[in-house]
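K.L.:
Chain residues, written in single-letter form:
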Amino acid sequence: MLYIFVGFPGINRLAGNLNLNAGGLQYCVEDVEHLGLLEHDPAIQYRKEGIFGVHDSHAEWLYPVKRRISMMCQQNGITWGWFPENWAFGNGVTIHKTSASPEYKIVVHGTGLSLDQFLAQHGTTRLAELELERLHIRHEGWEKYEARWRPGTCPQEPHIVHLTWLITTHVLPEFAYQRLQAIIEDPVSQLKHTEHYLDRHFSASRKWDGKPSVHRGVPGGMG
Amino acid sequence: MTRVGGNTTEATTTSTTVVDLLSVASLSISAATPFSFFEVYRKSAGFAGSAGFGLKINTTEVRTPTAANNAGNVCGPTTTSDRAENGSVTVWLNPVVTSYTFIGASGRFGNWDSAGVSVAGANGTSSTAPQPNATRTDVIVNAISPNAAVTAGCDEMHIYTYATS
Numbered sequence: 004m005l006y007i008f009v010g011f012p013g014i015n016r017l018a019g020n021l022n023l024n025a026g027g028l029q030y031c032v033e034d035v036e037h038l039g040l041l042e043h044d045p046a047i048q049y050r051k052e053g054i055f056g057v058h059d060s061h062a063e064w065l066y067p068v069k070r071r072i073s074m075m076c077q078q079n080g081i082t083w084g085w086f087p088e089n090w091a092f093g094n095g096v097t098i099h100k101t102s103a104s105p106e107y108k109i110v111v112h113g114t115g116l117s118l119d120q121f122l123a124q125h126g127t128t129r130l131a132e133l134e135l136e137r138l139h140i141r142h143e144g145w146e147k148y149e150a151r152w153r154p155g156t157c158p159q160e161p162h163i164v165h166l167t168w169l170i171t172t173h174v175l176p177e178f179a180y181q182r183l184q185a186i187i188e189d190p191v192s193q194l195k196h197t198e199h200y201l202d203r204h205f206s207a208s209r210k211w212d213g214k215p216s217v218h219r220g221v222p223g224g225m226g
Numbered sequence: 026m027t028r029v030g031g032n033t034t035e036a037t038t039t040s041t042t043v044v045d046l047l048s049v050a051s052l053s054i055s056a057a058t059p060f061s062f063f064e065v066y067r068k069s070a071g072f073a074g075s076a077g078f079g080l081k082i083n084t085t086e087v088r089t090p091t092a093a094n095n096a097g098n099v100c101g102p103t104t105t106s107d108r109a110e111n112g113s114v115t116v117w118l119n120p121v122v123t124s125y126t127f128i129g130a131s132g133r134f135g136n137w138d139s140a141g142v143s144v145a146g147a148n149g150t151s152s153t154a155p156q157p158n159a160t161r162t163d164v165i166v167n168a169i170s171p172n173a174a175v176t177a178g179c180d181e182m183h184i185y186t187y188a189t190s
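Residue numbers (the working numbering), protein chains in the order written: chain L, 4 to 226; chain R, 26 to 190.
Same shape as in the complex, but just chain R (with noise of 0.2 Å):
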């Protein structure tokens, strides 16, 4: 348990399966509210393929992250050179209303290699489900290792609620 003070690190793992990586809880954004964030990531060399992050809102999962096809990862890509990598994305959440509830993420995000020559940057606009038509409790980065011998990390996810009135 970490307070005010404590010692934080980045969130790691090494899990060739999907898994819940970083997380916000304790929220209370009604479907309606848009909301984004920002949050960065990275992988480790060690092998040559891609690492993904994708995005799970309360128990939904969003965008499923894929090590196969790393541009779909809406809350981060990485490339398949084996090679260290990272990134930093802004993720958009649109307000999910009656009639209107096929609303997936948005993501725009920057990649950089391991000399800090940016290798992609573009939008990423690809959700594999709608959001809940709910309150948000619960924003989670969910994340994929292409093989165990790279690490996959992500950190600093900052959330920023819109104004609606």
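Pulled out of the complex, with its shape left as it was, chain L reads as follows (with noise of 0.2 Å):
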């Protein structure tokens, strides 16, 4: 079963703090807080598509995939179709991240031409006659990444999607449920028997500064 959260455990705490990775959510759910048991097995994989048996280079359908994606998740306009066609969700515990930001030109206004298409097209131009726009450059990868968001949801400025998800063996108890989506998604949540955890099972979070993921041009020096 698949289980899908938005955010990941910790993510409304204080920046610095440290946060349950993936290996720590796993100690807390089958270890500390005994709330389900993980799919480990090296021979399932959970996709878009199904859950297959892999063997090597090889895969075989086995089942569709049964999911519960939470109440936060479909609010904030994720839903099963933001998942793309051979997308891979593994087993036991993943926390995901997708960044993504709108891409921006500066045009004439009224025209959707640059500055430098502009001179080109009518010559030489008084700057005072000119009013210059930031467009938003609905390209192909935008127009595909905002369709997987359900309408009208889709962030329009730079964003990290974090996403927590969970493969468990049998379907969870409502309870094991309910505590698994307080320790991720609610802020005020606390830890039990923090004593049983170790350094590794934690990870440091820390404030995103917004600037995206993709650069139109080289670093220094590589040019």
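Hints should not be assumed to be uniformly reliable.
With a straight-line Cα cutoff of 20 Å, these simulated EDC-like cross-link-like pairs (lysine to aspartate or glutamate) come out [said to hold, decoys possible]: (1) L/Lys147 with R/Glu86; (2) L/Lys51 with R/Asp180; (3) L/Lys214 with R/Glu181; (4) L/Lys108 with L/Glu134; (5) L/Lys210 with R/Asp180.
Anything over 10 Å on all C-beta distances counts as not near chain R; from chain L, calculated [stated by the list, open to error]: (6) Thr82; (7) Leu116; (8) His125.
If you anchor each label on the Cβ, the simulated ranges turn out as follows [as the list claims (entries may be wrong)]: (9) L/Gly84 with R/Ala188: 40 to 50 Å; (10) L/Leu40 with R/Trp117: 36 to 46 Å; (11) R/Val29 with L/Glu136: 17 to 27 Å.
Since the hints were derived computationally from the structure, they do not count as laboratory data.
Since this is a predicted model, take the numbers as computed values, not measurements.
Note that beta-carbon positions come from the ideal geometry of N, C-alpha and C, so glycine has one too.
The two chains are supplied separately, each in an independent frame; assemble them into the complex guided by the hints.
P.N.:
And the structure:
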């Protein structure tokens, strides 16, 4: 059974805090709070298209995916359609990260032309007569990405989507699901029995400066 | 969802089969435009086996990560020693044009153990499939852990396109 939540454990705490990583969340579920058993079989891979039996480079479709996507995930606009074709969920626990940024260009208002293109077409022009605007380039990549979201929910600024998913061997009882949801999505939930955790179960969070992950042009010295 | 000023963290997994771990979406890099990216990766101690990091472009697995052949993992190889390791990688993707369609990815990486000693640093030019001959809209690092006791992680992917004129 595949469970998908938005965010990661501790996303809403102060930056610099240590939060459970995938290994830590797995330890929490299986060893500390005994919420359920996770799928670890190296022959089982969950994909968008179904559950596959894998061996070396061979894969065989076994069953359709049973899934539960959290309400908060859906409220954010992330449904099953958010995951593209051939998406791999693997097994065990994963804290996934996708970043996306709209791209802009400066154009002469009303024309869609850059200043350079405008001058090439119109010749010498008084700058005082021009009005410039910042235009969102809705290129193929952006259109494709935006279509993954529920209509009207795709953020229109640089952003990161953090998702946490777990694959269990059986359906979780409701109390275990609610507890899991609290650990991942509830900003005020606390871990129990913290003395059982080791340093390797945690990762540090940090503040994101909003810089996009794609840059038109190579870093200094590589061009 | 993280917006400017919000919190972020590394992408991690305990999956023993291939999983899509870290991704940059909403790109529009034409097939004929070369680009490269940087990324850091790690594995925790817990089991004697190597974690592997591969590459997907759009929906095509250009390099399938493997826990068996660490040298072929274009986005990050680790050794089979039961210890924490981390490393960094630069990957280049060349243009795909007519008659030159079997173009994979080339990586160069350094790998360090938990004591800060370099344990592997080499060129990795291994791809299991060519890039799609289409606009590159998604770059995805996929990963595999050798055992559920090992956490594999990666972060800080930055993509740079090269000018072609």
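K.L.:
Hints first: check each against the structure and report whether it holds.
P.N.:
How the hints compare with the structure:
1. L/Lys147 with R/Glu86: 19 Å, holds
2. L/Lys51 with R/Asp180: Roughly 23 Å between the alpha carbons, so the hint for lysine 51 of chain L and aspartate 180 of chain R is violated.
3. L/Lys214 with R/Glu181: 11 Å, holds
4. L/Lys108 with L/Glu134: Measuring from Cα to Cα gives roughly 14 Å; hence the hint holds.
5. L/Lys210 with R/Asp180: Roughly 14 Å between the alpha carbons, so the hint for lysine 210 of chain L and aspartate 180 of chain R holds.
6. Thr82: 15 Å, holds
7. Leu116: 18 Å, holds
8. His125: 23 Å, holds
9. L/Gly84 with R/Ala188: 40 to 50 Å: 36 Å, violated
10. L/Leu40 with R/Trp117: 36 to 46 Å: 42 Å, holds
11. R/Val29 with L/Glu136: 17 to 27 Å: 22 Å, holds
Of the numbered hints listed earlier, those contradicted by the structure are 2, 9.
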